[in-house]
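2 protein chains.
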Amino acid sequence: MKSITRPTLLIDSKKVLNNIRRMKQKADESGVVFRPHFKTHQNLQVAEFFRQEGVSKITVSSVSMAEEFAGQGWKDITIAFPVNLLEMSQINRLSQNIQLNLLVDSLFTTRFLDQHASNHLTVLIKIDTGYHRTGLLPHDPEIDDILKEIAASPKLTFGGFLTHAGHTYQAREKDGILDIMEKSREQLISLKHHHERFYPKFIISYGDTPSCNLATHFHGFDEIRPGNFVYNDVMQLHLGVCSPGDIAVVTACPVVSILKEREELAIYGGAVHLSKEHIEADQGFQLYGYVVRLDENLRWGDPITGAFVHSLSQEHGLISMPEKELLTFKPGDLVGIMPVHSCLTANLLRDHFLII
Amino acid sequence: MKSITRPTLLIDSKKVLNNIRRMKQKADESGVVFRPHFKTHQNLQVAEFFRQEGVSKITVSSVSMAEEFAGQGWKDITIAFPVNLLEMSQINRLSQNIQLNLLVDSLFTTRFLDQHASNHLTVLIKIDTGYHRTGLLPHDPEIDDILKEIAASPKLTFGGFLTHAGHTYQAREKDGILDIMEKSREQLISLKHHHERFYPKFIISYGDTPSCNLATHFHGFDEIRPGNFVYNDVMQLHLGVCSPGDIAVVTACPVVSILKEREELAIYGGAVHLSKEHIEADQGFQLYGYVVRLDENLRWGDPITGAFVHSLSQEHGLISMPEKELLTFKPGDLVGIMPVHSCLTANLLRDHFLII
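Heads up: the protein sequence lines correspond to chains U and C, in order. For what it's worth, my numbering labels the leading residue of the first sequence as 1, then goes sequentially. For what it's worth, my numbering labels the leading residue of the second sequence as 357, then goes sequentially.
Derived from the structure by calculation, the hints contain no laboratory data. Idealized CB from N, CA, C, for every residue including glycine. Do not take every clue at face value.
[Said to hold, decoys possible] One side only, chain U facing chain C, incomplete, derived with CB under 10 Å:
1. K39
2. V63
3. F69
4. M88
5. L147
6. G166
7. S243
8. G270
9. R293
10. L294
11. N297
12. L298
13. R299
14. E315
15. L318
16. G332
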């Protein structure tokens, strides 16, 4: 353990592989393309685990990420983010070498792509099935305008309709999550039926980990794009869509102070390592992560009962912990923090990780 | 403006210099040492602005930051964080070349330093004057134990008592902030009087931007360590300790989508750029930043009335904006986001900034 001296993301390769295999198998059984979202890990070694399991198409959420993974030999990349027109020259460079699939949600953006693309581009239309972040509602007449613009363009090909049902994160129960998936499916299938008379070859693409973790099948979709499932986190645990043993990452943090009277432990591990993402827990406190013991091989089991990170400043974290457990720690020990939102934690510790 | 293609921290050098000069002058007038906290900017060019203004002693919050700034020629560095014993070899390397001041809050840690330090180290004792993050309460008998351990050590020198009055961030009014400063001052001065019979040469060191921004003088302290003041942010603005014109940074973000019906604007700029730090606003919404227009020189004025970032996911931000203003934007424009917490935003955009 002595090689870790500051906050470091521990990635349990066995758990990662289990998470990948489970999702891949479910996708295969439903006959849909598995195009995992790489924004969660942004890690070239974890990307190789996916490749080993037969994945060849991926999703990212920025042009920079697309550049990073294209540089590593990934040849079919969807940037599942409304296209950033300011990166047109980067897009043109990328599309020389790979199959690049971009997302639009307006005629303005589609027209801009048509005018400025120097190579072939596949364009998907972002559909808002209820999350209300970006995208067009399924009945928005602008969809037809975009389709006509694409059809008339020598550079653009229509790839299909894509949605991210991020509102599953607001659902309180498993039935609520599956219900959101069902409604998104209905909307996308209906859109497909409506348009496939004119555009015979396009897909409907669906994403979000809570429902993909929970679903027993993906029938009706052509493609799924979950991302978080590769690591999972406390948020997925609270949604009831994973178990503690499915959480594949923790942040190893040095203990710096034992605050016996307050039954607290201070760690070197703050907002710049764990992120300020939190869950408003029932008892009125904010939960920034669960706490696990690390063994000599840096492996961990279930969270310590009654222990949680309740406060973060830039570099400090404060853990509440029952006294009996607290007294087993001393400054200079390491402790593991199970992240509330693994995507944000992994992004912060992108240059500081260890695959075990 | 065309050179900015993705979320980028704009640092207004004139505002930075004004903020530095104002604080430096107040410190000089009170005859206290100005040892600014560099965790806010972590930027070698901004560090040079401080050097130009006559600053030679600095504060950081991690050994890594100390290494970074020592590498840039800073020779007197306080790591204002309970010492991380796992970084003892890094500490020993650093203390060969610079005056390194470390923070302890337990006999255990002090003894460890005594046993493992290979060079001279100055040790300050962290005092908790009410923030209740780390540190010993002023009457904790462990203070005497630590002082005896230091006195008996050939390697350690007692540097003084240090506090961070971070509870000023929870104060609702200006009087409340100054009251916290006053109580911290009384506690530190009383500690100083109590111990100076035995340890004639040590300091009391005080930090936190809200009170240092507000105070007219620093009498009684020997040293101040504010950090955030160099940039300020929406949090300081809400505390009433700076004006919009004192906020020296905004994040330039590409507009990617105009959601006319919802009176919203989607930007490329999410939690991985701005951080999830937010303010719970009175109307029940979460405020992740104010919005400014950028002119052709990337300069900005006051925030757009009625516009604010209300939601962030990993890479997306959603801005609420009155329709009249909204319709002046189109995808591919840049917009400026005034950060809620500039330290976290600057940390996230550390490799992606522009000094203007």
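Hints, verified against the model:
1. The interface hint given for K39 of chain U holds, since its Cβ lies 6 Å from the closest Cβ of chain C, which is under the 10 Å cut-off.
2. Annotation: interface hint on V63 of chain U holds; nearest CB of chain C at approximately 8 Å, less than 10 Å.
3. At about 15 Å, the closest approach between the beta carbon of F69 of chain U and any beta carbon in chain C exceeds 10 Å, and the interface hint on this residue is violated.
4. The interface hint given for M88 of chain U is met, as the beta carbon of that residue sits about 9 Å from the closest beta carbon of chain C, less than 10 Å.
5. Hint on L147 of chain U is violated. Least Cβ distance to chain C is approximately 18 Å, over the 10 Å limit.
6. With 10 Å as the threshold, the beta carbon of G166 of chain U comes within range of chain C, its nearest partner Cβ sitting at about 7 Å, so the hint holds.
7. Interface hint status for S243 of chain U: violated, as the beta-carbon distance to the closest one in chain C is roughly 24 Å, over 10 Å.
8. Checking G270 of chain U against chain C: minimum C-beta separation of about 9 Å stays under 10 Å; hint holds.
9. For R293 of chain U, the suggested interface contact is broken, since its CB lies about 17 Å from the closest CB of chain C, more than 10 Å.
10. Checking L294 of chain U against chain C: minimum C-beta separation of about 13 Å lies over 10 Å; hint violated.
11. Nearest Cβ of chain C to the Cβ of N297 of chain U: about 18 Å, over the 10 Å cut. The hint is violated.
12. For the restraint placing L298 of chain U at the interface with chain C, the shortest Cβ-Cβ distance is roughly 14 Å, beyond the 10 Å limit, so the hint is violated.
13. Checking R299 of chain U against chain C: minimum C-beta separation of about 19 Å lies over 10 Å; hint violated.
14. The restraint placing E315 of chain U at the interface with chain C holds, with a minimum CB-CB distance near 5 Å, inside the 10 Å limit.
15. With a cut of 10 Å, the hint placing L318 of chain U at the interface with chain C holds, because the nearest CB-to-CB distance is about 7 Å.
16. Hint status for G332 of chain U relative to chain C: holds, with the closest Cβ pair at about 4 Å, below 10 Å.
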